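Participant: Spelled out, the chains give:
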Amino acid sequence: MTNDLLGVINLGTEQGLFPEFTGHRNLASVPFSGRYRLIDFTLTNMITQNINQVGIFTLDKYRSLMDHLGSGKEWDLDRSQGGLHIFPPALKPDGEAYLGDLANFSMHREHFIRSKQPYVVITGSNVLTTIDYTDMLAHHKSMGADITLAYTTHEQKCGYCRPIRLGENDRVVGISERGFSPDDEYTYTETIIMSKNLFMRLVDEATSKGEYDLLDGVIRPQLHRLHVHGYHYVGKMQVIHSVLSYYNESMRLLRGEGIIYDFPHIYTKIKHEPPTRYLKGSKVNEALVANGCKIHGEVQNSILFRGVQVSKHARVKNSIISSKSIIEEGAVVENAILDKEVVVKRGQVIRGTIDEPIVIAKRTVV
Amino acid sequence: MKQEMVAMLLAGGEGKRLGPLTRKTAKPAVNFGGKYRIIDFPLSNCTNSGITTVGVLTQYEPLELNRYLGIGTAWDLDRRNGGLAILPPYQAQSGKNWYEGTANAIYRNLSYIDDYDPDYVLILSGDHIYKMDYEKMLEAHKEKQADVTISVMEVPWDEAPRFGILNTADDLRINEFEEKPEEPKSNLASMGIYIFNWNVLREHLIKDAEDETSSFDFGKNIIPNTLLQGLDVFAYKFKGYWKDVGTIQSLWEANMDLLEEEPPFDLYDPEWKIYSVNPNQTPQYIGKDACVEQSVINEGCHIEGEVQHSVLFYDVRVGEGSLVKDSVIMPGARIGKDVTIHRAIVASCAVIEDGATVGEPGGEIVVIEPHENIESGTVFKQRV
Chain A
1 MTNDLLGVIN LGTEQGLFPE FTGHRNLASV PFSGRYRLID FTLTNMITQN
51 INQVGIFTLD KYRSLMDHLG SGKEWDLDRS QGGLHIFPPA LKPDGEAYLG
101 DLANFSMHRE HFIRSKQPYV VITGSNVLTT IDYTDMLAHH KSMGADITLA
151 YTTHEQKCGY CRPIRLGEND RVVGISERGF SPDDEYTYTE TIIMSKNLFM
201 RLVDEATSKG EYDLLDGVIR PQLHRLHVHG YHYVGKMQVI HSVLSYYNES
251 MRLLRGEGII YDFPHIYTKI KHEPPTRYLK GSKVNEALVA NGCKIHGEVQ
301 NSILFRGVQV SKHARVKNSI ISSKSIIEEG AVVENAILDK EVVVKRGQVI
351 RGTIDEPIVI AKRTVV
Chain B
367 MKQEMVAMLL AGGEGKRLGP LTRKTAKPAV NFGGKYRIID FPLSNCTNSG
417 ITTVGVLTQY EPLELNRYLG IGTAWDLDRR NGGLAILPPY QAQSGKNWYE
467 GTANAIYRNL SYIDDYDPDY VLILSGDHIY KMDYEKMLEA HKEKQADVTI
517 SVMEVPWDEA PRFGILNTAD DLRINEFEEK PEEPKSNLAS MGIYIFNWNV
567 LREHLIKDAE DETSSFDFGK NIIPNTLLQG LDVFAYKFKG YWKDVGTIQS
617 LWEANMDLLE EEPPFDLYDP EWKIYSVNPN QTPQYIGKDA CVEQSVINEG
667 CHIEGEVQHS VLFYDVRVGE GSLVKDSVIM PGARIGKDVT IHRAIVASCA
717 VIEDGATVGE PGGEIVVIEP HENIESGTVF KQRV
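Protein chains in written order, with my numbering: chain A, 1 to 366; chain B, 367 to 750.
Mixed in with the good hints there might be a few duds.
Said to hold, decoys possible - Distance condition first, Cα-Cα at most 25 Å in a straight line; then the derived DSS-like pairs of lysine-lysine:
no. : chain 1 : residue 1 : chain 2 : residue 2
1   : A       : 73        : A       : 294
2   : A       : 73        : B       : 639
3   : A       : 312       : B       : 691
4   : B       : 639       : A       : 340
5   : A       : 362       : A       : 340
6   : A       : 271       : B       : 691
7   : B       : 639       : A       : 294
8   : B       : 368       : B       : 586
9   : A       : 312       : B       : 654
10  : B       : 639       : A       : 324
11  : A       : 116       : A       : 141
12  : A       : 283       : B       : 382
13  : B       : 382       : B       : 703
14  : B       : 497       : A       : 294
15  : B       : 605       : A       : 283
16  : B       : 382       : B       : 546
17  : B       : 382       : A       : 271
18  : B       : 654       : A       : 294
19  : B       : 639       : B       : 546
20  : A       : 283       : B       : 703
21  : B       : 691       : A       : 294
22  : A       : 236       : B       : 368
23  : B       : 691       : A       : 280
24  : A       : 317       : B       : 462
25  : B       : 703       : A       : 324
26  : B       : 382       : A       : 280
What the hints assert, rightly or not - Coverage of chain B stretches by chain A, computed from C-beta distances (three or more under 8 Å per stretch; other residues unrestricted):
no. : stretch
27  : 398–408
28  : 531–545
29  : 648–657
No lab work stands behind these hints, which were simulated from the structure alone.
Source: prediction; values computed, not measured.
For each residue, glycine too, the CB sits at the ideal point set by N, CA and C.
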C-alpha cells in the first residue's frame with residue numbers, strides 16, 4: 001500500500017524551548033516516557049499510517065538526533081525507495097546560518113521535486129498526537145481546501161499553543177500568537193496538510209520576499225486568499241516545551257492519561273538492555289520502568305529510563321530519572337528531573353517541588 | 367568471500383522433554399530469562415566473538431524460529447558478506463531427505479561452507495545457556511596446531527556418567543571419548559562445541575556419509591573416527607555458567623538462577639550483551655498497590671498484584687490481589703485478579719482467569735500450555 005503523503009518533520013520552530021534539557025541536543029531528541037525520544041512519537045504515527053518517506057528538517061544540535069535515528073531501520077525507513085532523509089540546516093553562501101524553516105525547505109527543494117507523493121504533511125516533534133493523517137487527507141480533499149490545519153478543542157490551553165479561530169464550515173479565519181486567553185476555543189496541533197505543488201509555490205514566493213516562517217510568513221497573511229480549513233482532532237495531545245510541561249506531561253503517563261497506550265507499538269532505537277531486576281527489599285509503586293534497571297530501593301510515582309540503578313535504602317519519588325543514572329545507597333530524589341548518567345552519591349538529597357521540579361544536568365555528580 | 371571461520375548452529379532439535387513448550391516450536395526458540403530465546407545465546411556469542419558467518423540448520427517445527435531469526439538483524443548478522451543463513455533440508459538430484467543426524471546435517475550443506483573457503487568450522491548447538499568467547503577457543507586450537515578442538519567443562523564426578531566424557535593427557539590431548547561411561551576416568555564433559563580444520567571435517571563427513579552403518583552423528587561417529595585415525599584432537603577447558611535447559615525442571619532452575627542477589631549467570635555485562643529480537647513494548651508499569659521483589663521483569667508488563675521471586679517476559683499482566691511466586695511467566699500471558707501461582711511455567715499467551723490457583727508451594731513445577739485458558743476459580747496443582 002502506498003501513501004500519497006510525504007512526511008515532513010520540521011524542527012525549525014522548536015528552537016530554544018526547554019533549554020534545561022536542550023543544551024547538547026535538540027528538543028526532538030529529548031528523552032520521554034522511559035525509553036523514547038520525542039521524535040519517536042511523530043515518526044511512529046507516520047509509519048503506522050504507511051507514510052514511507054519522511055524528511056526531517058533540523059536547525060541545530062542534531063548530533064544526538066542523528067545518532068538516535070541512524071539509517072531509520074527501527075522505523076522501517078531504511079528503504080531504497082523513499083525512507084528517511086535527515087536534512088542539516090542549509091547555509092547561506094557566506095556560511096551564515098539561515099533564520100528559519102522556510103529557507104531550509106527552499107534550499108532542500110530538490111527533495112520535494114524528487115518525491116513522488118502529491119501531498120505533504122508537515123508537523124513537528126514536540127506536540128504529541130495520534131492524528132490520523134490519512135483521514136485528515138481525505139477530509140482535505142473532500143473539502144477542496146488549499147491547506148488543512150489540525151486543531152483540537154478539549155485539551156490543554158497551554159502557554160505554548162497557538163489558538164485558532166474558525167469561521168463558517170470550519171474555515172480557519174485567524175491564527176493567533178502563542179499563548180492562550182480564556183476566550184480561545186481551539187488549539188492548533190502543529191500539523192498541516194497541503195498539496196506538494198502549492199507547498200513549493202508558497203515556499204518559493206515567500207523566500208523571494210524574504211519571509212522565513214511557514215506559518216507566520218506564509219499561511220497567516222493569506223488566510224483571506226487561500227482556503228485554509230480546520231480538521232478536528234479528538235484524540236489526546238501532549239505538548240512539551242518547558243521544564244514544567246515536561247514534568248507534568250510525564251506525570252500524566254503515570255496516571256494512564258498519556259499518549260503512549262494509544263499506539264499499538266512505539267518504535268525507537270534498540271539498546272538490547274536485559275530485563276529490569278528487582279532485588280529483595282525493593283518497593284516500587286506507580287512507576288513506569290524501562291529495561292536494564294536494577295532496583296534495590298524505593299521508587300514511587302516516578303519514571304525510570306533504561307539502565308537506571310536505585311540502590312538499597314535509596315528513595316525516588318515524583319521524579320524522572322534518565323538513562324544510566326545511579327542513585328546510591330540512602331540517597332533521596334524527590335520532585336526532580338535527572339538528565340542522563342547523573343550520579344547521586346550516597347546519602348545525598350535532591351529535592352524540588354511539584355510546581356518547581358529541580359533539573360540536574362547530564363553527567364552531573366551530586 | 368573467504369571467512370576464516372564459519373559457524374554452523376544445529377537448531378533442528380525437538381526438545382521432547384520440554385513437553386508442551388516444544389509442541390509447536392523448536393527447542394532453540396524456547397523462551398528464557400524474561401527476554402530471550404535459547405538460540406540468542408550462541409548467536410550473541412558468535413557476534414561478540416567476531417564470527418559473522420553463521421549457518422543455522424533447522425528441521426523440527428521451524429516456522430516460529432525462522433520468523434524470529436529473520437535475516438539476523440537483531441544479532442548484527444545481516445551482513446553483505448556472510449551473515450546469518452537459515453539452512454533447512456532441501457531437495458537435490460541425489461534425492462530428498464530429512465537431516466539424518468548432526469553430521470548429516472552439516473554434510474548436506476558442504477557447498478554452503480565451501481563458498482566461504484574457511485580454514486575452520488565451528489559446530490554449535492542451540493540447546494544451552496552460556497556465554498563463551500569462541501575466538502579464544504580458536505586461539506587455543508591454533509596454538510595446539512590441532513585438527514579438532516572440543517570444548518569441555520568439569521562436571522561433578524557423580525554426574526559424569528550422564529555426559530560424553532573425554533579422557534585427556536596433561537597437555538589436554540584427547541585420547542579417548544566415552545559416551546555416558548558407567549565408571550568415568552575423567553570428569554571433563556563435552557559441551558558439544560567443536561572447532562575443526564575444514565579440510566579435516568570435510569574429509570570425515572564425506573567418509574561418514576558413505577558408511578551405511580553410521581548414525582551420522584558428531585558424538586557417536588565423527589569424533590571417535592578422528593581419534594581412531596590418530597588425529598590431533600584437543601580439549602579446551604571452559605569455565606563459567608553452562609546449563610542445558612532441556613527439561614522443564616532445568617529450564618525453571620536456570621530462570622531462577624537469574625534471581626540470586628549475585629546471579630551465577632550475568633545478563634547485565636555491557637561487554638558481552640545478549641541480543642534478541644525487540645518486541646517494541648512500552649516500559650513496564652508497576653501499579654499503586656503492586657509489590658515486586660527479587661524478580662526479573664521485561665517491558666510491556668503491567669503489574670497490579672504481587673510478584674515474588676519470578677521471571678516475567680514482555681507484555682504480561684498481573685491483576686490486583688494476585689500473587690506470582692517462584693514462577694516463569696512467558697510473553698503475552700494474562701493473569702487476572704486474585705490469582706495465586708506457585709512454582710509454575712506459564713507459557714506464552716496463556717490466560718489465568720480471576721481467582722484461579724496454579725501450582726503449590728514446594729510442589730512439582732506445573733506447566734500451563736501456550737494459549738491455554740485456566741478458568742476462573744479453578745485449582746490447578748498438577749497436570750494429571
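Participant: Now, for every hint given, state plainly whether the structure supports it.
Facilitator: Consistency of the hints with the structure:
1. Distance restraint check for residue 73 of chain A and residue 294 of chain A: the Cα-Cα separation of roughly 29 Å exceeds the 25 Å cut-off, and the hinted pair is therefore not satisfied.
2. Restraint check: the Cα-Cα separation between residue 73 of chain A and residue 639 of chain B comes to about 20 Å, which is no more than 25 Å; the hinted pair holds.
3. For a cut-off of 25 Å, the pair hint linking residue 312 of chain A to residue 691 of chain B stands: about 22 Å separates their Cα positions.
4. Annotation: proposed proximity of residue 639 of chain B to residue 340 of chain A holds, straight-line Cα distance about 21 Å (limit 25 Å).
5. A C-alpha spacing of about 5 Å is found between residue 362 of chain A and residue 340 of chain A, which places the hinted pair at or below 25 Å, so the restraint holds.
6. This hinted pair does not check out: residue 271 of chain A and residue 691 of chain B have alpha carbons roughly 29 Å apart, beyond 25 Å.
7. Among the hinted pairs, residue 639 of chain B with residue 294 of chain A is consistent with the structure: their alpha-carbon atoms are about 16 Å apart, no more than 25 Å.
8. Between residue 368 of chain B and residue 586 of chain B, the direct Cα distance comes to roughly 31 Å. Violation of the 25 Å bound is thereby established for this hinted pair.
9. At roughly 21 Å between alpha-carbon atoms, residue 312 of chain A and residue 654 of chain B fall within 25 Å of each other, so this suggested pair holds.
10. Restraint check: the Cα-Cα separation between residue 639 of chain B and residue 324 of chain A comes to about 16 Å, which is no more than 25 Å; the hinted pair holds.
11. A hinted pair counts as satisfied when its Cα atoms are at most 25 Å apart, and residue 116 of chain A with residue 141 of chain A qualifies at roughly 18 Å.
12. At roughly 40 Å between alpha-carbon atoms, residue 283 of chain A and residue 382 of chain B are farther apart than 25 Å, so this suggested pair is violated.
13. A distance of roughly 33 Å separates the Cα atoms of residue 382 of chain B and residue 703 of chain B; the hinted pair therefore is violated under the 25 Å criterion.
14. The suggested pairing of residue 497 of chain B with residue 294 of chain A holds, with an alpha-carbon distance near 21 Å, which does not exceed 25 Å.
15. A threshold of 25 Å between alpha carbons decides the hint, and for residue 605 of chain B with residue 283 of chain A the separation of about 36 Å lies outside it, so the pair is violated.
16. Between residue 382 of chain B and residue 546 of chain B, the direct Cα distance comes to roughly 20 Å. Compliance with the 25 Å bound is thereby established for this hinted pair.
17. For the hint linking residue 382 of chain B to residue 271 of chain A, the alpha-carbon distance of about 34 Å lies beyond 25 Å, and the restraint is violated.
18. The hinted pair formed by residue 654 of chain B and residue 294 of chain A meets the criterion: a straight-line CA distance of about 20 Å does not exceed 25 Å.
19. Distance check on the hinted pair: residue 639 of chain B and residue 546 of chain B sit about 34 Å apart at the alpha-carbon level, beyond 25 Å; violated.
20. Distance hint between residue 283 of chain A and residue 703 of chain B is fulfilled; the C-alpha atoms sit about 21 Å from each other, no more than 25 Å.
21. With a C-alpha separation of about 19 Å, the suggested pairing of residue 691 of chain B with residue 294 of chain A holds against the 25 Å cut-off.
22. Distance restraint check for residue 236 of chain A and residue 368 of chain B: the Cα-Cα separation of roughly 55 Å exceeds the 25 Å cut-off, and the hinted pair is therefore not satisfied.
23. This hinted pair checks out: residue 691 of chain B and residue 280 of chain A have alpha carbons roughly 13 Å apart, not beyond 25 Å.
24. About 65 Å separates the Cα atoms of residue 317 of chain A and residue 462 of chain B, which puts this hinted pair outside 25 Å; it is violated.
25. Of the supplied pair hints, the one linking residue 703 of chain B and residue 324 of chain A is violated, its CA atoms being roughly 34 Å apart against a limit of 25 Å.
26. Among the hinted pairs, residue 382 of chain B with residue 280 of chain A is inconsistent with the structure: their alpha-carbon atoms are about 35 Å apart, more than 25 Å.
27. With 3 residues carrying a beta carbon less than 8 Å from a beta carbon of chain A, the stretch 398–408 of chain B meets the three-residue requirement, and the given coverage holds.
28. Restraint check on the stretch 531–545 of chain B versus chain A: 0 residues with Cβ-Cβ distances below 8 Å, three needed, restraint violated.
29. Judged by the Cβ-Cβ criterion of 8 Å, the stretch 648–657 of chain B is covered by chain A as claimed, because 10 of its residues qualify and three suffice.
Checked against the numbered hints listed earlier, the structure breaks hints 1, 6, 8, 12, 13, 15, 17, 19, 22, 24, 25, 26 and 28; every other hint is satisfied.
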